[in-house]
Amino acid sequence: MGKRRRSEDEAGASERPRRGHLHLVVHDYARGCTVYKLDVDAFQPDTGTDDHLESTARRLPHDCVAIRMASPDRHQNDQFMCVGSKIFAFYKDADAGHNTMVYDSATSQVAVCPPLLAPKELAEFLTVGADIYALETEYDGFNYKFVPSMEKLGPAPRRGWGEWRWESLRPPPIKLPIFVSSQAVHPDGSTIFLSVEDRGTFSFDTGRLTWTRHGSWLLPFHGEAYFVRELDAWVGLCSHQKGYIAVCNVISPDDGLCECPTWTAVKDRV
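Going by the numbering used here, the letters in the sequence shown line up with residues 1031 to 1300, in that order.
Worth double-checking, as some hints may not be accurate.
Claimed, not checked - Once the Cα atoms are required to be at most 16 Å apart in a straight line, the calculated EDC-like pairs of lysine to aspartate or glutamate come out as:
1) K1272 x D1285
2) K1182 x D1134
3) K1122 x D1093
4) K1067 x D1108
5) K1182 x E1154
6) K1122 x D1108
7) K1205 x E1227
8) K1122 x E1151
9) K1272 x D1235
10) K1116 x D1161
11) K1122 x E1154
12) K1116 x D1134
13) K1205 x D1228
14) K1182 x E1193
15) K1272 x E1254
16) K1175 x E1197
17) K1067 x D1134
Because the hints were derived from the structure by calculation, they are not lab data.
Could you build all of it, start to finish, from the sequences and the hints given here?
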């Protein structure tokens, strides 16, 4: 009986899900932001009632602070991107002189990436696999024109060898200025689709470094959408109905010019 009970306990322990954590980046002090590590198992379950509407806001507990990141300039527009377990803190400025801080939530280690090659004041940061792309349409006030630039931050260097580095890429063949309204990575894992306000929808093949225009239509999302394999579709916040989720069919990067894919908004509000 003792051996059976022990084997059953060991089997049960191996079947228990791993303890999950949620990392929140919050601008909660004047000179930077805080990364909080929250225990997902401690969240209160949904009871199906409206009791949460009467709850009061509370400050995040101090013992959940994972790290504080200071900004070089309190007036800078910081942007954060996640790749795997790493959180990147980019500082948008006019001189491209600030390093990028990288916090690894799995190891609690901090690393530093070199500065961007060109100024990034209105940059759009995109993630495809383990790579980050920075797309900028800087306004040249002296010559009264927009100047495009694009850079790629490669995958993390191997432990004890190499370093992070930015690589300059040919800017996209899109009429300036470029304001990305939504984005979604294709299930092939190497192509990203971008919808640009007043320009249409394009795809970028990160392997061949080629751009394709698909039409003047826009994807029905606000911000980033994600591929859900069970639905064989992109899912994200709907840009047409605020507070709802949109589900959109995936199109092929090889389709070229095509019609807007079929999409629908879910019935229930988020």
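Okay, the hints, checked on the actual structure:
Proposed proximity of K1272 and D1285 is contradicted: the alpha carbons are some 30 Å apart, above 16 Å. The hinted pair formed by K1182 and D1134 fails the criterion: a straight-line CA distance of about 20 Å is larger than 16 Å. Between K1122 and D1093 the CA atoms are separated by roughly 30 Å; this puts the pair beyond 16 Å, and the hint is violated. For the suggested pair K1067 and D1108, the alpha carbons sit about 20 Å apart, so the restraint of at most 16 Å is broken.
Restraint check: the Cα-Cα separation between K1182 and E1154 comes to about 12 Å, which is no more than 16 Å; the hinted pair holds. For the given pair, K1122 sits about 6 Å from D1108 by alpha-carbon distance, which is consistent with the 16 Å threshold. This hinted pair checks out: K1205 and E1227 have alpha carbons roughly 11 Å apart, not beyond 16 Å. As the CA atoms of K1122 and E1151 are separated by approximately 5 Å, the hinted pair is consistent with the 16 Å bound.
Distance restraint check for K1272 and D1235: the Cα-Cα separation of roughly 30 Å exceeds the 16 Å cut-off, and the hinted pair is therefore not satisfied. This hinted pair checks out: K1116 and D1161 have alpha carbons roughly 12 Å apart, not beyond 16 Å. The hinted pair formed by K1122 and E1154 meets the criterion: a straight-line CA distance of about 10 Å does not exceed 16 Å. Between K1116 and D1134, the direct Cα distance comes to roughly 4 Å. Compliance with the 16 Å bound is thereby established for this hinted pair.
As the CA atoms of K1205 and D1228 are separated by approximately 9 Å, the hinted pair is consistent with the 16 Å bound. Taking the CA atoms of K1182 and E1193, the gap is about 14 Å. The hint holds against a cut of 16 Å. At roughly 15 Å between alpha-carbon atoms, K1272 and E1254 fall within 16 Å of each other, so this suggested pair holds. With a C-alpha separation of about 24 Å, the suggested pairing of K1175 with E1197 is violated against the 16 Å cut-off.
Restraint check: the Cα-Cα separation between K1067 and D1134 comes to about 12 Å, which is no more than 16 Å; the hinted pair holds.
In this structure, the earlier hints numbered 1, 2, 3, 4, 9, 16 are contradicted, and the remaining ones agree with it.
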